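First to last, the protein sequences are chains A and B.
Mapping of the first sequence onto our numbering: residues 1 to 278, in sequence order.
Mapping of the second sequence onto our numbering: residues 279 to 556, in sequence order.
To be clear, the hints were calculated from the coordinates, so they are not data collected in a lab.
Note that the coordinates shown come from a computational prediction; the quantities given were computed from them, not determined experimentally.
Each hint should be verified, as a subset may be incorrect.
Stretches of chain A that chain B covers, calculated by requiring three or more beta carbons in the stretch to come under 8 Å of a beta carbon on chain B [stated by the list, open to error]:
{"no.": "1", "segment": "10 to 21"}
{"no.": "2", "segment": "70 to 77"}
{"no.": "3", "segment": "185 to 196"}
{"no.": "4", "segment": "245 to 255"}
Using N, Cα and C, we set each Cβ at its ideal position, and we do this for glycine too.
2 protein chains.
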Amino acid sequence: MTPAEHAQLALLLEVAGTPKPGNVDRDRDFPDLRFEHFLAGAIGSGAGLRAAEEGKPVGEAFEQAVEGMSHQEGGNTQFGALLLLVPLVKADELSPESVTEVVEETTVEDAEGFYRAFEHVDVAVSDPPEGMDEFDVRRGSSAVSALREADTTLYDVMELSADKDGIAREWTNGFPRTFQASERIAELDGGISARAAQVYLEFLAHEPDTFVAKRHGKKVAESVLVRAQEALQEAREGNSELVTAFADSLVEEGINPGTTADIVAGGLFVALERGVSP
Amino acid sequence: MTPAEHAQLALLLEVAGTPKPGNVDRDRDFPDLRFEHFLAGAIGSGAGLRAAEEGKPVGEAFEQAVEGMSHQEGGNTQFGALLLLVPLVKADELSPESVTEVVEETTVEDAEGFYRAFEHVDVAVSDPPEGMDEFDVRRGSSAVSALREADTTLYDVMELSADKDGIAREWTNGFPRTFQASERIAELDGGISARAAQVYLEFLAHEPDTFVAKRHGKKVAESVLVRAQEALQEAREGNSELVTAFADSLVEEGINPGTTADIVAGGLFVALERGVSP
């Protein structure tokens with residue numbers, strides 16, 4: 001398979017993994033966001049991912065992937081995952097150094113592509129850092145002029161959000177959790193989507209999900225982490241009931257650890273490229 | 279979405295529909311044939327489907343799609359579905375007349391592409407019609423010389439198997455069940471993959487599956503039909519237990535109504551092209 005195909009397959013294997021508390025998976029639909037919306041999102045993002053593979057700039061390929069992803073009625077299905085996958089698809093080799101080269105070379109035009117991507121789909125974002133209001137993605141085209149005036153690249157934009165956003169943190173730190181996820185997926189046994197679900201739970205128990213923190217505050221994100229640790233511990237002792245109860249409670253509370261799922265999708269891509277195969 | 283994307287999405291929505299007695303679905307894996315093999319097959323067939331969309335001949339595009347589909351360890355996941363989808367993707371409009379034009383225009387070279395496709399994946403086939411041994415796909419390249427000598431097109435090959443094979447019958451009759459499936463999918467309510475699963479059961483209760491007949495004989499195929507009718511009747515009365523029991527029994531008996539699933543995939547494609555959307 002080509003890198004773009006592996007990226008699409010990574011999106012599919014990610015959503016197929018179950019149980020994945022708080023997210024849509026093979027066994028769980030939400031009322032307005034269903035498994036089939038993710039299937040359509042993965043297919044629709046293909047042209048943008050192929051554009052990245054063929055050498056199109058990050059911002060342009062990302063915008064095209066998000067636009068393609070948006071042709072379904074579930075809304076934002078894979079925005080964060082695509083933000084990881086596009087530079088990974090473009091990297092010469094799958095190493096922290098090589099993907100860092102890709103993201104460090106991004107330009108103001110890439111930042112503009114990223115901002116335009118928000119026009120295709122409703123993405124939850126937090127307030128910009130203090131004094132950075134002019135870069136608020138919710139300002140649309142007026143934010144784009146601010147980017148141009150300040151000569152702000154997409155990498156700069158990510159640096160501004162790295163303290164609050166787990167995807168931005170991957171961009172500015174050599175994609176550490178993405179590579180870690182890929183290694184963990186490669187060392188586990190069984191079906192690939194099942195391994196991905198296991199890694200999702202382990203990651204959720206290891207670091208607070210930034211998407212949850214943005215939407216519900218830091219305290220909630222930390223309590224999700226503690227509950228994930230308890231569920232993981234019980235699961236290791238052979239009891240999966242707590243994982244199910246944890247999943248049900250997250251749904252009830254409307255808590256969706258999306259960033260962790262996005263990082264697992266990035267890890268799946270790296271694992272597939274390195275030879276893990278369904 | 280483009281026709282090739284709709285074809286890939288049709289493959290995904292088909293396998294996601296559940297319950298789909300006797301087949302892999304969102305809720306059921308077989309030991310050696312799992313949901314994720316179908317996900318990989320749908321992604322891998324993309325380049326061949328795009329080749330069909332761009333005007334490549336049926337045989338060449340089909341072979342490419344099957345080759346791409348085969349990069350997973352589950353074996354044959356979507357051979358029959360792709361044999362329906364490739365001419366559908368190539369049709370000028372989605373009408374029986376237009377797709378019949380595509381299949382009637384196939385050549386000896388298309389037949390050769392079809393025969394070559396069998397080299398990429400292990401497909402269950404029945405004995406060729408009496409006196410047609412030289413066209414047996416299991417003869418490989420020597421069958422190809424026979425095709426050339428007799429000037430046998432892919433349409434001719436399909437005509438030879440139309441009495442035994444539900445896909446070939448679609449080819450030679452204006453894709454009647456494919457269009458019927460699409461209309462039924464469009465008129466039902468709910469998620470698209472759930473509608474597809476419902477149509478699968480209705481079709482299984484209406485005509486014996488030819489893949490089951492090939493592998494297990496006519497009588498078994500007819501008994502599957504009767505049991506599908508009973509399960510459908512109970513399901514209509516609000517009791518889904520018999521559908522589950524029917525699904526379990528088919529798995530136990532190793533019975534896999536694959537042709538019916540393939541035709542539903544074709545119907546999903548037509549429905550998506552006509553505006554049904556996840």
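For each hint, the structure was consulted:
Under the rule that three or more residues need a Cβ within less than 8 Å of chain B, the assignment of the segment 10 to 21 of chain A holds, with 3 such residues. Judged by the Cβ-Cβ criterion of 8 Å, the segment 70 to 77 of chain A is covered by chain B as claimed, because 4 of its residues qualify and three suffice. Proximity of the segment 185 to 196 of chain A to chain B, defined as three or more residues with a beta carbon under 8 Å from a beta carbon of that chain, is established by the 3 residues found. Counting residues of the segment 245 to 255 of chain A whose C-beta sits closer than 8 Å to any C-beta of chain B gives 0, which falls short of three, so the coverage hint is violated.
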